[in-house]
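Please model the entire structure based on the sequences and the hints provided.
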Amino acid sequence: MKGDMGDAITFKIDGREVNARQGMTILEAAGEAGIEIPALCHHRKTRPYGACRICSVEAEKDGKVKVVASCGYPAEPGLVIRTRSPRIDRIRRAVLELVAPQAMLDGDFGGDLKKLADEYGADIHRFEAQLQVKSRRCILCGLCVRYCDEVVGAHAIGFVGRGIDRRVAFFPEKASKVCANCLGCFKICPTGKIGAEADGTYFGFTVDDFLAGRL
Amino acid sequence: MPTMVSSLEELESLRKDILSRRDHTRPIITVCAGTGCQTYGAADVYQAIVGEVKAQRLETKLEIKATGCHGFCEKGVVVVIHPEEICYVKVTAADAPELVGAAARKILVERLLYVDPVTGQKIAREPDIPFYKNQTRIVFGNNKRIDPKNIEDYVALGGYGALGKALRRMSPEQVLAEVKKADLRGRGGGGFPAGKKWEETRNAPGDIKYVIVNCDEGDPGAYMDRSLMEGNPHAVLEGLLIGAYAVGAREGFVYVRQEYPLACENLNVAIRQAHEHGFLGENILGSGFGFTVKVHRGAGAFVSGESSALMSAIEGKVGEPRMKYVHTAVSGIKGRPSNLNNVETWATVPLIIDKGADWFCSIGTEGSKGTKIFSLVGKVNNTGLVEIPMGMTLREIIYGIGGGIIKGKRFKGVQTGGPSGGILPEQCLDTPVGFDELAKLGSMMGSGGMVVMDEDTCMVDVARYFVNFLCEESCGKCIPCREGLRVLRQILTDICEGRGKPEDIDVIREIAEVMADASLCALGTTAANPVLTTLRYFGEEYEAHIRDKRCPARFCKSLTSYYIDPEKCTACLICLRNCPASAVVGDKGIVHWIDQEKCTKCGVCFEVCPDRFGAVVRISGEPVPPPPMPGTRVVRKHEG
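Taken in sequence, the protein lines are chains V and A. Counting in my numbering, the first sequence runs from 9 upward without gaps. Counting in my numbering, the second sequence runs from 123 upward without gaps.
Keep in mind the hints are simulated off the structure, nothing from the lab. Model, not experiment: these values are computed from the prediction. Misleading hints may appear alongside valid ones.
Stated by the list, open to error - One-sided excerpt, in silico: chain V residues whose CB lies under 7 Å from chain A:
| hint | residue |
| --- | --- |
| 1 | 60 |
| 2 | 73 |
| 3 | 80 |
| 4 | 81 |
| 5 | 102 |
| 6 | 103 |
| 7 | 106 |
| 8 | 107 |
| 9 | 135 |
| 10 | 139 |
| 11 | 168 |
| 12 | 170 |
| 13 | 171 |
| 14 | 174 |
What the hints assert, rightly or not - Simulated DEER-style distance windows between Cβ atoms:
| hint | chain 1 | residue 1 | chain 2 | residue 2 | range |
| --- | --- | --- | --- | --- | --- |
| 15 | A | 552 | V | 88 | 34 to 44 Å |
| 16 | A | 394 | V | 94 | 57 to 67 Å |
| 17 | V | 219 | A | 480 | 54 to 64 Å |
| 18 | A | 169 | V | 160 | 53 to 63 Å |
The C-beta atom is built at its ideal place from N, Cα and C for all residues, glycine as well.
Given below as structure tokens:
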């Protein structure tokens, strides 16, 4: 969407006047204005996806307030955006707490996730004991999948399964041909799972693992 | 050779021609060939009747027709003899000789008539059966008159007349205005005004636009769209054509659920016949308007019923919802304006064009016009598909049409709207059924599933059932829905199994709120509704599970024990022989008791113990009394 030099749009984020161009999302406009909105599944090279919901903000339009994902919501004239509020903070905290049991490494978050959890006061162990799930060190943000599809065009990694059984898996036939020379997803993975569990020639999680019930 | 129809006049003369070829004095034996009746053997019944008509040399005297679903599926195979509409229920192939003979002589086969369970009286005519009598079957009614594989049946009843009227007598704007005036709201779930959606697609920029039929019905217990598509596919096509004309689309798609093979078959036959008659293709009815339609068969995902997921699936991608801040009506399939409505909505359109918005608005309530088809299932006496005017109360539906609760048990709740809806208790029974009325109570109209529950249903378990359903049927894309459901399922399972904690309720509410606020699509934002409504209306059941470790419905296995009352046991050996775990101890003449260590709580003993003894009881929340002294003999009461 970037680079589309459309009409200028003015709207408000956290009380500040922000300029944007037609076709930009709130997240993009905020980024240009130097206003930070956290996001886990967003990357400037891939299309908006809307899976993590961490980038949720309050959008007020015609007197009505609703929660929207800023990575997909288009900038509109007159829009009033609030990036922080009790409602938004509660969503971000709950999302972090909910995804934690799946995403932790050795009982803790790493990197950006850790910083976010601290900022929003998320108790990442809240549902750990209750769910007793094996951590796959994956929040299913889909950045690897979309990077491979949209930027590389190799389709060597994808989603398998549905609902709570959704997983990310390599397709060995394709991965064995293209991955060693690319490693694009290694850098993009927010939890570092891919780099740790695959090396371009060996893949620790493939569609065969999923079909065999090992994922 | 099918007649190509290329003008309004030719359509009218085709209709007259069809009617003139038919002998109206001849009785027609119709066999319901909907999926429900097919499972009861409708194909065999049909063949037997055909064979019998031949054998009795009555080919010239009787006509036979396989029709769509009548709705009273519980009584299948349903056979109706026109024009008197004599209705026979639970017909088998063996009944064919008597049935055919009687039809030819215009007498009744008394033993096959429907017996009213309330009055005990036999009812001969289908419209007089209470199940049908209290319905208003304007959309669904033609199912029983039509052979869905024969376009002539549809045309004979005035079919494609509304299309002709729209194409030749009305401008697209006028058609749109009529649908808007009728305030037709989407029958698939949310109840969004169809006219508004059409207008959005019509006004959206772009030369190529699409119209889509959503036939991915998947709510547990619901099958209205299936029966419409199987029984009257031309009505859906005609509605779609009218919609395409109004919004300016020349191409359409029908997305049919993978599990609906008969709907696919009948739809494909209908499309072929519509092409042969010129109702599809170029220059339809000489109007210059052209339209084609493709059938897209689903691959078995519930979430694909969500509009953006469905459009992704049609594009050949995985059926996953995407953000719809720019509506699919503006940017849908391949980024082009795409108007999607469900089967029932489309099938209603020809009626509005034919009879006018004023007529349509005369039925229903202020906010919900027209009729709605529900699949009335669960613990009611009469189960099946019912079409009611909006505004009828839940009580009238459940007791008036459904005939009340099975075995005279107590009504406990009615689930409407599937996994996105809620469960409404007795105090809501006098609510008029409408989009806004149900939403106000925390439930929703949904696509029309209506599951009736009696006193033996545990509401915490029902909530768990729906959450579990969605754990498997969510796409798993966004975190609030996927992980929220995962945690909700665990909490509800814990409560059902006696591990619930008082603070669980607050956690449920918090997660439900975040799911409603932040999920990507409507599946996620509404996924907690079954939990929230059961908490709202049956909160004391949650409390009993958590605080007293008691299941009031005595359903949850972990909290329920089976016990044989030694005073009532007649030592008849029935439960002892049927127990799969050999947990029933006793002998002939010796009072039986259940070894609680061995008991797997399957409930077989409870089921098989004859009602007149009622010796097996379920206990929850209190200790099981100690067993009788080994070898206690039955004391038989002497009569007189």
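Hint numbers not upheld by this structure, sorted from lowest to highest:
Checked against the structure, the hints that fail are numbers 2 and 11, while the rest are satisfied.
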